[in-house]
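Engineer: Based on the provided sequences and hints, a complete structural model is requested.
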Amino acid sequence: MKNEKKKILFGEFVTGAGLVRALEMGPGKVVAEVKASNLKGRGGAGFPTGLKWELTAKQESDEKFIICNADEGEPGTFKDRLLLMEQAEKVLEGMAIAGFAIGARQGFIYLRGEYVYLKKSLEDAIASMINRRFLGQNINKTDFSFEVEVRLGAGAYVCGEEFALISSMNGYRGEPRNKPPYPSEVGFRDKPTVVNNVETLCYVPYIVTKGAEWFKEHGTQASTGTKLFSVSGDVKHPGVYELELGITVNQLLAEVGGEGAKSVQVGGASGLNVAEKDFDKSICFEGLPPGGSIMVFNHQRDMLHVLKNFMEFFVEESCGQCTPCREGNYRLLEGVRMLEKGECSVRYLKELEALCDVMKDSSKCGLGQTAPNAFLSIVENFKTEILYR
Amino acid sequence: MSEKIPVQIDDITCEVERGTTILQACKCAGLRVPTLCHHPDLEVAGICRICVVEVEGMSGLQAACAYPIRQPIKVRTNSPRVRRARRVNLDLILSEHYGDCYTCVRNGTCELQELAREYGVDRYRYPSTTTPKFKIDRSTAIVRDQNKCISCKRCIRTCIDLQQVSALETANRGHNVLIQTAFDKPISDVVCINCGQCINRCPTGALRSNMPNELLWHAIDDPEKHVIIQTAPSPRAAIGEEFGYEPGTSVTKKLNAALRRLGFDNVFDTNFAADLTIMEEGTELLTRLKKVLVDGDSSVKVPMFTSCSPGWVKYIEHYYPEYLDHLSSCKSPQQMFGAILKTYYAKKVGIDPEKMVVVALMPCVAKKFECNRPEMSDSGHKDVDFGLTTREMAVMIKEAGIHLKDMPDEDFDHPLGLGSGAGLIFGATGGVMEAAIRSVYEIVTGRPVPFKGLDVMPVRGMEGIRDATLTIENPLPEYQWLDGVTLKVAVAHGTANARILMEKLKAGKLAYHFIEVMACPGGCLGGGGQPIPTSPEIRAARARAIYSEDHQLVLRKSHENPEINQLYAEFLGEPLGHLSHKLLHTHYTPRGRFFLEGL
Ligand SMILES: Cc1cc2nc3c(=O)[nH]c(=O)nc-3n(C[C@H](O)[C@H](O)[C@H](O)COP(=O)(O)O)c2cc1C
Ligand code: SF4
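If you read the protein sequences in the order shown, they are chains A and B. Per my numbering, the first sequence starts with residue 1, numbered consecutively. Per my numbering, the second sequence starts with residue 1, numbered consecutively.
For the record, the hints were derived by calculation from the structure and aren't laboratory data. Treat the hints loosely; a few may be bogus.
Heads up, simulated DSSO-like pairs for lysine-lysine below, C-alpha to C-alpha not over 30 Å straight-line [as the list claims (entries may be wrong)]: (1) A/Lys236 x A/Lys308; (2) B/Lys488 x B/Lys290; (3) A/Lys281 x A/Lys383; (4) B/Lys348 x A/Lys341; (5) B/Lys133 x A/Lys350; (6) A/Lys191 x B/Lys398; (7) B/Lys291 x B/Lys27; (8) A/Lys179 x B/Lys27; (9) A/Lys58 x B/Lys582; (10) A/Lys281 x A/Lys262; (11) A/Lys341 x A/Lys277; (12) B/Lys582 x B/Lys355; (13) A/Lys236 x A/Lys58; (14) B/Lys27 x A/Lys58; (15) B/Lys488 x B/Lys504; (16) B/Lys348 x B/Lys290; (17) B/Lys4 x A/Lys179; (18) B/Lys405 x B/Lys225; (19) B/Lys355 x A/Lys179; (20) B/Lys253 x B/Lys225; (21) B/Lys291 x B/Lys582; (22) B/Lys348 x B/Lys382; (23) B/Lys509 x A/Lys191; (24) B/Lys506 x B/Lys488; (25) A/Lys383 x A/Lys236; (26) A/Lys308 x B/Lys133; (27) A/Lys281 x A/Lys216; (28) B/Lys291 x B/Lys509; (29) A/Lys191 x B/Lys355; (30) B/Lys488 x B/Lys291; (31) A/Lys262 x A/Lys277; (32) A/Lys262 x A/Lys7; (33) A/Lys141 x A/Lys120.
Computed, partial: chain B to chain A, Cβ under 8 Å [as the list claims (entries may be wrong)]: (34) Arg49; (35) Arg70; (36) Pro72; (37) Pro80; (38) Arg84; (39) Val88; (40) Ile93.
Because the structure is a prediction, the values reported are computed rather than measured. All residues carry an ideal CB built from backbone N, CA and C; glycine is no exception.
Structural biologist: Shown next as structure tokens:
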């Protein structure tokens, strides 16, 4: 951890303190505090966590569920893995608080298939939490009980999408479905369900103990708090960084030793490619969308090659249900191959850009809606490099 | 829930019930939103993204078919954004679809072709698919051509949700998505029951029936061959749809004329064989009941299930083989007819059965599989040579240049051309049950069924599962053992409903004496070989046609059919007699759920 300043997640932490405090506050106050903190989901979509909990808490149901989304499949992202490895208790505590807030007695960690080696340590952490009565029956001697189970994914990126995830947990093919209804209404086993990212859940114990106001001291007004970034590529110090939301690309590059970059992919394959001219833009929900991954490319990198890599990923990982994503990604990859061979006319490239717009506009889930981001931004940033090879 | 929600669609405002989809609301507002993966019989998928619309306040376009209206909304169905998305998605599908329209059986009924025409498509926007990638997979009944598949998954939703057969599933991801059988086995080697419901709902030519038309033309053109056709009631109530008639128009007599013009040497009525089935099956039921109720014979099983639907027969062979003893041993009317034609009739008119070709015009794709079952040759020859579907027959009639609408009314040939109304209603779900009740009740009590106009209303309708009871009072002396017995019967259509019934039976939650099951929704009139499209309304119209024809007939009970009585007198002897056993009854094959060894 190169980052010197101890921000939130890498600051001090006492296991259980947040949970004990939450149990004193009562569910309503916990939801209100999280809402007031303006915490937004760290899994990509940036949905306000407090609101999500409030909507789920309001549902009347004999059963509700908390799912911790640990499917971390976005290329270039590895921050959740770090949390699961080093801060599992914090994740579990966040889940218990969420469960208490919405009235769930059961939680699941949906663990990325490739992270199977973490299953054992997570289960050890669960056992240790149960021993200390922070999980299991009658938590901290109250009448709140909460169990957590680890479920394994099978290696599909799309299963990180909350509905595909739920569908796969329900025993079906992991495919997104139409919304509404949302998981807060009809989720796992058709019961109200909160799906939260690993990192999102980790902020919760802090917000409960230190308060929303303290949390809001970090970040910007619309993007409160800090954020973990998985930094890779042409930098001196790759790794996981906790940085303030609102940081500019330039500041980030300085922090990680990435000066002299040609472009930065913010938010992984589904994020945006940012060229040098835009390095003064800030990374936050109102600016460059803060996905967990930062990939830095230096001037030796062939951007068409980078793009091809991303498009191959989407062609492979689209669930294949809906037309724009299933066929669109394939056509984009085909276009990249044409570009490689110098066979793509300017006119056809325009056609493909229009296709990108339709994919964003009409795909069924986030995968197809964001898959064209890389294509559009790389083509825009590096049109000459790509067209005249 | 009758809460009304105001919606504005383009410049039309209306109120809809909570939960109504935008697509339904558009229909109410008189607006057409194009669809492709949507089908009125199937679960919503929202995957083709053709029906997308703008919903104010939502960032992306929404699939109209899948969006439930839960609060007041404003919708735009015809904005530049909407048109562009529809067009691009259509172009994407067209580029992936391989096949020439003029070599496709769905030319003219293909929904993709229709959309391309509506949108004025005049070129491929993206490189088109110029070579086929997949081998065509054929069973005796079904042909799968994945090259024409557009991944709308209607077939999967039909096979898994509507029919609960689950022979087809999605395999792979992304552009490599395929509709596949288990372990990519040929369709003939998996649990497919040949119901052909997937064909009825495929928007393109990716699924079709195995057409015997060429071979049949050969037979017709061969002067040595005596080619006989028997026509089932359902095709007659539906084939008109192929010739511009409204659904629900019965064209029996015009069809007779057309078939003669086409070159068939005899035109017979399958209803005749349906009456024969009732005689055999009714007697079998009474025999079983006596053995169970009086003799306490535990080797005999009730409830007895009907066996006229070859899709249902294969379904039970796969999924409930332990219940095969419950299945009536009667062959279906089609097969009974074939066996009688190649024995009794051949002798009567002095034709060598070897030179006889028996064709069955059926609403059904599974009938092709049925007539090719190895055990279906009790006449010493293949009892029925060809099962021809309604759609396939329409092609032959058109090919022959015959205008159905211009045909005169003509009757069936006799003997074997007289069918009762009871045989006729076999075409609708509940029909076999009603026909059986009409005869069995009267045979047992000497009185007609206690229903107004002989209409056994409790077993009619389109409810998935229906049941009824009938108490026998004052029976004739030889049926004294039935006095006071309340017969319990049930009817199910669509194998998904059959499954519900079977699971309840298995759990011991239900007790019946007799159960009718038809594999297809609506019964035969909704068969997999019937004209495309299909919908609940179309099936209801066909049912009305069948029931109204029954009302127009004088002869409405199978056991009163004089030609049937003549057949027993001259040839068969009595129901369940020695010859009946040989020619009209059969046995079944337990099949299991997989054909793979070791599973
Ligand atoms: C294709 C796709 C993949 C996703 N993968 C993940 C993932 O790996 N982890 C994750 O937390 N969220 C992922 N999401 C976002 C989830 O759908 C969901 O928004 C998120 O888990 C909600 O948690 P949050 O509100 O805490 O961010 C993905 C979304 C899409 C469309
Ligand atoms: S956008 Fe892609 S991943 Fe999402 S539902 Fe459509 S095909 Fe599947």
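Engineer: Next, verify each hint and record whether it holds.
Structural biologist: Verification of the hints:
no. : hint                : verdict
1   : A/Lys236 x A/Lys308 : holds, 25 Å
2   : B/Lys488 x B/Lys290 : holds, 15 Å
3   : A/Lys281 x A/Lys383 : holds, 21 Å
4   : B/Lys348 x A/Lys341 : violated, 77 Å
5   : B/Lys133 x A/Lys350 : holds, 29 Å
6   : A/Lys191 x B/Lys398 : violated, 55 Å
7   : B/Lys291 x B/Lys27  : violated, 56 Å
8   : A/Lys179 x B/Lys27  : holds, 21 Å
9   : A/Lys58 x B/Lys582  : violated, 69 Å
10  : A/Lys281 x A/Lys262 : holds, 15 Å
11  : A/Lys341 x A/Lys277 : holds, 28 Å
12  : B/Lys582 x B/Lys355 : holds, 22 Å
13  : A/Lys236 x A/Lys58  : violated, 48 Å
14  : B/Lys27 x A/Lys58   : violated, 34 Å
15  : B/Lys488 x B/Lys504 : holds, 15 Å
16  : B/Lys348 x B/Lys290 : violated, 36 Å
17  : B/Lys4 x A/Lys179   : holds, 21 Å
18  : B/Lys405 x B/Lys225 : holds, 29 Å
19  : B/Lys355 x A/Lys179 : violated, 62 Å
20  : B/Lys253 x B/Lys225 : holds, 24 Å
21  : B/Lys291 x B/Lys582 : holds, 22 Å
22  : B/Lys348 x B/Lys382 : holds, 19 Å
23  : B/Lys509 x A/Lys191 : holds, 29 Å
24  : B/Lys506 x B/Lys488 : holds, 17 Å
25  : A/Lys383 x A/Lys236 : holds, 28 Å
26  : A/Lys308 x B/Lys133 : holds, 24 Å
27  : A/Lys281 x A/Lys216 : holds, 21 Å
28  : B/Lys291 x B/Lys509 : holds, 23 Å
29  : A/Lys191 x B/Lys355 : violated, 66 Å
30  : B/Lys488 x B/Lys291 : holds, 17 Å
31  : A/Lys262 x A/Lys277 : holds, 10 Å
32  : A/Lys262 x A/Lys7   : holds, 29 Å
33  : A/Lys141 x A/Lys120 : holds, 27 Å
34  : Arg49               : holds, 5 Å
35  : Arg70               : holds, 7 Å
36  : Pro72               : violated, 15 Å
37  : Pro80               : violated, 11 Å
38  : Arg84               : holds, 6 Å
39  : Val88               : holds, 4 Å
40  : Ile93               : holds, 6 Å
Hints 4, 6, 7, 9, 13, 14, 16, 19, 29, 36 and 37 from the list above are not met by this structure, while the remaining hints are.
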